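Chemist: Construct the entire structure; sequences and hints are all you get.
What follows is the residue order along each chain.
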Amino acid sequence: MALRKMGSLIRISTKAGLAGGTVYLYYEAGLWKGTDETIDNYEKLRKDAEVVYNANPDVKKWLEYVSSSVSSNVKPYSDAITNFRKEWLNVDLSTVSSPINGVVKPVWNKGVTWTIEAIADSPETIQRLSSTGWEKLKELSMEPQGSPPKPDSSSKSAKQ
Amino acid sequence: MPAKQVLCEDQIPSALDKCIADTIIKVGSGVVTGGALSLVLFRRRLWPITLGIGIGTGMAMANCQNKLNSTDVVRRNLERK
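Note that the protein sequences, when read in sequence, are chains A and B.
The opening residue of the first sequence carries number 1 in full-length UniProt numbering; numbering runs sequentially from there.
The opening residue of the second sequence carries number 1 in full-length UniProt numbering; numbering runs sequentially from there.
These aren't lab readings, by the way, just hints derived from the structure by calculation.
Since the structure is predicted, the reported quantities are computational estimates derived from the model, not experimental observations.
The beta-carbon is built from N, C-alpha and C at its ideal position, and this holds for glycine as well.
What follows is a list of derived Cβ distance ranges for each label pair:
1. K81/B with G111/A: 52 to 58 Å
2. G102/A with T50/B: 49 to 55 Å
3. S78/A with I24/B: 20 to 26 Å
Output of the computed footprint for chain A on chain B, the stretches with three or more beta carbons under 8 Å from beta carbons of chain A:
4. 21-32
5. 37-48
6. 58-67
So these bits of chain B aren't anywhere near chain A, every CB distance computed over 12 Å:
7. Q5
8. E9
9. P13
10. I53
11. D72
12. V73
13. V74
14. R76
15. N77
16. L78
17. R80
18. K81
Modeler: Next comes the structure, spelled out in structure tokens:
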């Protein structure tokens, strides 16, 4: 019973020591003072951390490994984000003959013509899409549902 | 070492730059201490981290206010009132 209480006391005191140590570290580094002192103390802390980092080659190697693995995993997504415009927003600006006349007007006009052409062609487009959709539905309905798959004559001949 | 002379028109922008740097450092330190406390003492709850963020932001705001009120322009306006 007494051992158990002592064990819990030791556990609580180590946890409190760790937490209090973090708070005290920041207080001692002087990061909770006025503006100018904070910035100067932060620079000092950063230089000390750099010294420690450079003095331990193992720590340096491990941190470089971690950063390289993280960057290699993140690279495809970061590339996609940086190349978003090239990949997804390919705007055809071939109508712009010279930038002196501006970019907005020719692009706007092109958009207007595209819209009006789409509206004019809409009956044919709708007819084409509906006919292809109807054909697909017919194909799906022709397949027998729930019946076991018929054995292929080609697979039988392959086995023989 | 004498303090670097800041031009009158650069006082407020430099004060704002220092404010932003101070805010980032203080909020970051609040997050770290709150995270350490939450991990070690408070069974991985979120409230110590939010408390740390709040304390850091409050300290940074007080410092910012002090810094901006000490610039010549603002001080003259306050004295006039």
